[in-house]
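2 protein chains.
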Amino acid sequence: MEDKDQIQDAIKVQGEVVRKLKSEKANKEQIDEEVAKLLQLKAKIGGDDGKHQFVLKTAKGTRDFNPKQMAIREKVFNTIINCFKRHGAETIDTPVFELKETLMGKYGEDSKLIYDLKDQGGELLSLRYDLTVPFARYLAMNKITNIKRYHIAKVYRRDNPAMTRGRYREFYQCDFDIAGQYDAMIPDAECLKIVHEILSQLDLGDFLIKVNDRRILDGMFAVCGVPDDKFRTICSTVDKLDKMAWEDVKKEMVNEKGLSEEAADQIGDYVSMQGGKDLAERLLQDQKMSQNKLACAGLSDIKLLFSYLQLFQVTDKVVFDLSLARGLDYYTGIIYEAVLTQAGVAAVTTEAQSGASGEECVSVGSVAGGGRYDGLVGMFDPKGRKVPCVGVSIGIERIFSIMEQKAEASAERIRTTEIQVLVASAQKNLLEERLKLVTELWNAGVKAEVMHKKNPKLLSQLQHCEESGIPLVAILGEQELKDGVVKLRVVATREEMDISRADLISEIRRRTSEV
Amino acid sequence: MEDKDQIQDAIKVQGEVVRKLKSEKANKEQIDEEVAKLLQLKAKIGGDDGKHQFVLKTAKGTRDFNPKQMAIREKVFNTIINCFKRHGAETIDTPVFELKETLMGKYGEDSKLIYDLKDQGGELLSLRYDLTVPFARYLAMNKITNIKRYHIAKVYRRDNPAMTRGRYREFYQCDFDIAGQYDAMIPDAECLKIVHEILSQLDLGDFLIKVNDRRILDGMFAVCGVPDDKFRTICSTVDKLDKMAWEDVKKEMVNEKGLSEEAADQIGDYVSMQGGKDLAERLLQDQKMSQNKLACAGLSDIKLLFSYLQLFQVTDKVVFDLSLARGLDYYTGIIYEAVLTQAGVAAVTTEAQSGASGEECVSVGSVAGGGRYDGLVGMFDPKGRKVPCVGVSIGIERIFSIMEQKAEASAERIRTTEIQVLVASAQKNLLEERLKLVTELWNAGVKAEVMHKKNPKLLSQLQHCEESGIPLVAILGEQELKDGVVKLRVVATREEMDISRADLISEIRRRTSEV
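Order-wise, the sequence lines are chains A and B.
Counting along the first sequence from 1, when you hit position 131 you're at 131 in the UniProt record's numbering, and nothing is skipped either side.
Counting along the second sequence from 1, when you hit position 264 you're at 264 in the UniProt record's numbering, and nothing is skipped either side.
So that you can see chain A by itself, here it is in the shape it has in the complex (with noise of 0.2 Å):
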């Protein structure tokens, strides 16, 4: 044990290294650390009688729904759903861990990401690090060779969280993919259609689709002199284009990679292009990429994805854009990002306390991405039997921080209940009728509630209308339960109406039906 002193001297240190953070406006990741770490200090001499010495928090990286949070994302989510419905997707659900092995050598240099679970006897277990594996897995187990399918579920990565960004260790994803033999680029096609209902109905603001293929990219690696074993990690290094500069993605090309600088230039010179089926065109007459099979495969299919694409009436937000690349590994054909483009969204990463810097503030991130995988399946099944899969994933954890932050800004206010009616009385000793009454409407299905208390006042209980935006009260008091009616209550006007028991039911429904 260390001595008390010790530890207060300890706190004291670590109390002016939190002061000073939080003068600084640092991070505020960092100060939360730096504010745990004093906490433990603290709980090593004990709260007030000794018992209280952990840190109240959740797990790093992960937070808390409350109930408006809750009730923006339940919006959110029925927007999504409603789009996979309306596109024939089925659901699934797998558990929210798989066998080690199931997930290893699948996501590149990003598996160090992966959450183990302890061996505590018995088999070795991670939580899933996204829905498209187990859908692999699931597929091959199963022996499913078509399937469309929805799955929104939680996945986990020991990242660096950068919660003001909507980047927690601990986010939804909410996939939507096709598996099976198909026609060349009709459920690609599909998907990006998808993307561009979904985040149109979402009005989050104007955004753009980036497609890419990386037959593409690999043939115009090729193409440019890139060595065959360097083709994945200089497309890890075209990836972070979003975010570097070309001069610096250059550098780590040449100076980390060992890329010559010729192979580069080549390479940059293709990486600035942007277009539509045009540019598919004009590539498929380019010099150098024309001789190379899989860049014409790919870009064969480019120019049809855009002629389907032009019949789901969505080429204005989509373009062709040869920098895009991807992170992932098992990607073997079209890829594609959605960006949300206005400026105004971006404000997500301006909170007071964040250290982000200019930069961070313009780039608002990928909002949905995807693309075609056709080997994973295979990877999975005893006989290597291919599945061709399509997919998207919508980034929901970005757009859930747009939407509260929107919801702030705005005066409207969002109820976290749907109650139509509170049971009230303005009278003591009327707890049995109140019982009575609600009873009556839980059973006729009428959403109503009434206070837990024996003898509440009608302020109070006209003021938790208020605050939960409960539009109707039914009133009891001794006169009404002489006449056999209720005092109905409209709580936005203050409007009071006598109603006979027996039309309450159908009254309550009128004036708070939807249509």
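Warning: the hint list may mix true and false statements.
Which stretches of chain B does chain A cover? Using the computed rule of at least three CB atoms under 8 Å from a CB of chain A, they are [what the hints assert, rightly or not]: (1) 109 to 121; (2) 149 to 162; (3) 423 to 436.
These are calculated hints, taken from the structure and not from any lab test.
Where is the CB? At the ideal position from N, CA and C, for every residue including glycine.
Using the hints, position chain B against chain A.
For chain B alone, kept in the frame of chain A given last:
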């Protein structure tokens, strides 16, 4: 490395073990375990190309949900959530893992079932064991003294899974709790009303809600001469009365827990009592019980509870049962548990492969339970401030099992998608027209599908409708395109009619509206 021949021999032996178990119709889990061993051996000598050396399974005690199971799950959740919302509950969410110390000291002997995460640097974390402790942590952390909330999420227990009886290591909990300082028994009675509503609406057959109070149990232990320090452990033994005969429970008390035979017999007299308000009144006059303040407080509250339950019209299903103890440490007052009493539902356990004994087939187990825990939030508050809480947890996994079984037994087909219309064509080269039409439908909010083939056969398109229960087909052909119409086919009746493109959407809506 082991020798390949040795492994081949081991595979033969293990194969025999599996065959033997199967022929003996052994317990399914036992078979699964041996099959897993067999697969592991086979993996050692490699698959076709030596690459696929892993076992394709979910972690022990967990399962995937396929689309049909998800459709059932969604229906059950909707019934339950509607009930919670009818009673004015908000919802919250908490992370799947908590700091290990948050969970420590809350679950008594069951703490050994907690899943820990591997120490990968940073905090020590554990998967949540229930939703109640995270709820209490949430209240203390946010200084909330008043809330009515529900929380539906998965929890984790390293228990021995009994999947045929709906017991898993990963399973849903469905909790409703009322926190706050209210008048006695009003929130408690509402919890029981909620259990009654949910079990009635799910239509699971007859049920019974047993009620008791921890104070009555403790008072009873005191007057029967149980030493203070044995209250909790004797309580755990009483809790086994739903699975063990009294004789065996008594043996455990006397032989394992060192209770005097006399004390055990006195307990035996009390725990055989069942009744209603009348029993509470009788026990208040009981020579021994009436001497114990704690017991009297509990008995008076049971009386009050029954008077409220009468107003809520639920006394038909509630019984005051002195043998009900419940395992968890944190209960301080009223406790309850709902069981299904119809023999029929016990069939959940009678799967052909299940090794369940006759007795197990009869015991259906509880489908809901809960109680009052006035001390838990205080355990988290730095100043020990208490927030009285009462809540109920719906045993959703057992309910899923029953519903799934019911669905399988009935002829009714469960749809896993909500598609209203398939856009089809009878002729070749109409992909573009199909995509155009389905876009029109999607944009109008119609749930529509198109097959992802350039030239699908009409027969296979119609078959798809049959299989997934799609009620309508919108068929395009050269003639229809010329005439500006679509041939709308009703799948069930094979009736076909030409509908103008302008009227198509309203016609589809009319024919698929549920009103």
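Flag every earlier hint the structure violates by its number, smallest first. Those not satisfied: there are none.
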